[in-house]
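Chemist: Below, each chain spelled out in residue letters.
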Amino acid sequence: MASREEIISTVKEFLSEEFEVEKSTIEPEANLQETLDLDSLDYVDLVVVIEENFGFKVTGEDFVDIVTFNDFYGLVEKKLAEK
Amino acid sequence: MLLTKEETADIIPQKTPFVMIDSLLAVDEMSFTSSFIVDEKNIFYKDGELKEPALIENIAQTVAAGFSYIGQQDGGEPKIGFIGAISKLKIHKLPNVGDEITTTVTQQHKFENIYLIKGENHVNGSPLVECEMKIVVQV
Chain A
8 MASREEIIST
18 VKEFLSEEFE
28 VEKSTIEPEA
38 NLQETLDLDS
48 LDYVDLVVVI
58 EENFGFKVTG
68 EDFVDIVTFN
78 DFYGLVEKKL
88 AEK
Chain B
687 MLLTKEETAD
697 IIPQKTPFVM
707 IDSLLAVDEM
717 SFTSSFIVDE
727 KNIFYKDGEL
737 KEPALIENIA
747 QTVAAGFSYI
757 GQQDGGEPKI
767 GFIGAISKLK
777 IHKLPNVGDE
787 ITTTVTQQHK
797 FENIYLIKGE
807 NHVNGSPLVE
817 CEMKIVVQV
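As you go down the protein sequences, you meet chains A and B in turn. Here the first sequence stands for residues 8 to 90, where the numbers follow this note's numbering. Here the second sequence stands for residues 687 to 825, where the numbers follow this note's numbering.
Simulated from the structure, these hints should not be mistaken for lab results. Mixed in with the good hints there might be a few duds.
Said to hold, decoys possible - One-sided excerpt, in silico: chain B residues whose CB lies under 7 Å from chain A:
| id | residue |
| --- | --- |
| 1 | Gly770 |
| 2 | Ala771 |
| 3 | His795 |
| 4 | Phe797 |
| 5 | Glu798 |
Unchecked claim - Below, simulated PhoX-like cross-link-like pairs (lysine-lysine); rule was C-alpha separation at most 20 Å, straight line:
| id | chain 1 | residue 1 | chain 2 | residue 2 |
| --- | --- | --- | --- | --- |
| 6 | A | Lys30 | A | Lys64 |
| 7 | B | Lys701 | B | Lys737 |
| 8 | A | Lys86 | B | Lys796 |
| 9 | B | Lys774 | B | Lys737 |
| 10 | B | Lys737 | B | Lys779 |
| 11 | B | Lys796 | B | Lys737 |
| 12 | A | Lys64 | B | Lys779 |
| 13 | A | Lys64 | B | Lys804 |
| 14 | B | Lys804 | B | Lys774 |
Keep in mind the model is a prediction, meaning the values are calculated, not measured. Just so you know, even glycine gets a beta-carbon here, dropped at the ideal spot from N, CA and C.
Same shape as in the complex, but just chain A (with noise of 0.2 Å):
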């Protein structure tokens, strides 16, 4: 299983390519939304993303309580350790 700094360093990678922000920018507890300015549509980027590089689906229901990046990982280790 990846470790949190694994998951830190991927999800880094692909949403600095993805939505075309700087990594710095991908702080642990900057606002997940507001950094990659997302909106609805963006979310199935998000999706597309996350299922390549992690193998795992998420749902609407998955983001309800993700505000920050440090959520986020939190979702991708809970999501990867219950594949």
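With chain A held as given, fit chain B onto it using these hints.
Modeler: The following block gives chain B in isolation, referenced to the frame of chain A:
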């Protein structure tokens, strides 16, 4: 063929002269297929070719027809979808009068009521236009 030209026209929101699909040929959970014959009276027919907007609209209307068909089969109202975004658009070739276009759309991903689909249309196996679309389906 699943639906004739008249039946297909009845289940999509677009009306003449903006209808860019004739018949719904096949529908399953992940893909829809339609056909469309190029007519010289088409509003997007110019200089001997059917122009790109018609082919993009053809893909979108195939999605609309497929979702409506599924909605009807489920005993409910036809579902209405809106194009949210178009990406990865490639134009290979434009068709001529009398060409029969076969269009296939395949669901790539779904997130809540937003579908990411890949659409492509062909004439005799030669690709015309391919693209991805995000379709927001009204719930």
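Chemist: Could you run down the list of hints and mark each one as holding or not?
Modeler: Right, here's what the structure says about each hint:
Among the interface hints, the one on B:Gly770 holds; its C-beta lies about 5 Å from the nearest C-beta in chain A, closer than the 7 Å criterion. Hint on B:Ala771 holds. Least Cβ distance to chain A is approximately 6 Å, under the 7 Å limit. With its C-beta approaching chain A no nearer than about 5 Å, B:His795 sits inside the 7 Å limit, and its interface hint holds. The closest approach between the C-beta of B:Phe797 and any C-beta of chain A is roughly 5 Å, which is under the 7 Å cut-off, so the hint is satisfied.
Interface restraint check: B:Glu798 against chain A, minimum CB-CB distance 4 Å, threshold 7 Å, status holds. Among the hinted pairs, A:Lys30 with A:Lys64 is inconsistent with the structure: their alpha-carbon atoms are about 24 Å apart, more than 20 Å. With a CA separation close to 19 Å, the supplied pair B:Lys701 and B:Lys737 stays within the 20 Å bound. The straight-line distance between the Cα atoms of A:Lys86 and B:Lys796 is roughly 18 Å, inside the 20 Å bound, and the hint therefore holds.
Of the supplied pair hints, the one linking B:Lys774 and B:Lys737 holds, its CA atoms being roughly 18 Å apart against a limit of 20 Å. Between the alpha carbons of B:Lys737 and B:Lys779 the distance comes to roughly 10 Å, so the proposed pair stays at or under 20 Å and holds. For the hint linking B:Lys796 to B:Lys737, the alpha-carbon distance of about 30 Å lies beyond 20 Å, and the restraint is violated. Among the hinted pairs, A:Lys64 with B:Lys779 is inconsistent with the structure: their alpha-carbon atoms are about 36 Å apart, more than 20 Å.
Straight-line distance between C-alpha atoms of A:Lys64 and B:Lys804 comes to about 19 Å, which keeps the hinted pair within the 20 Å bound. Taking the CA atoms of B:Lys804 and B:Lys774, the gap is about 9 Å. The hint holds against a cut of 20 Å.
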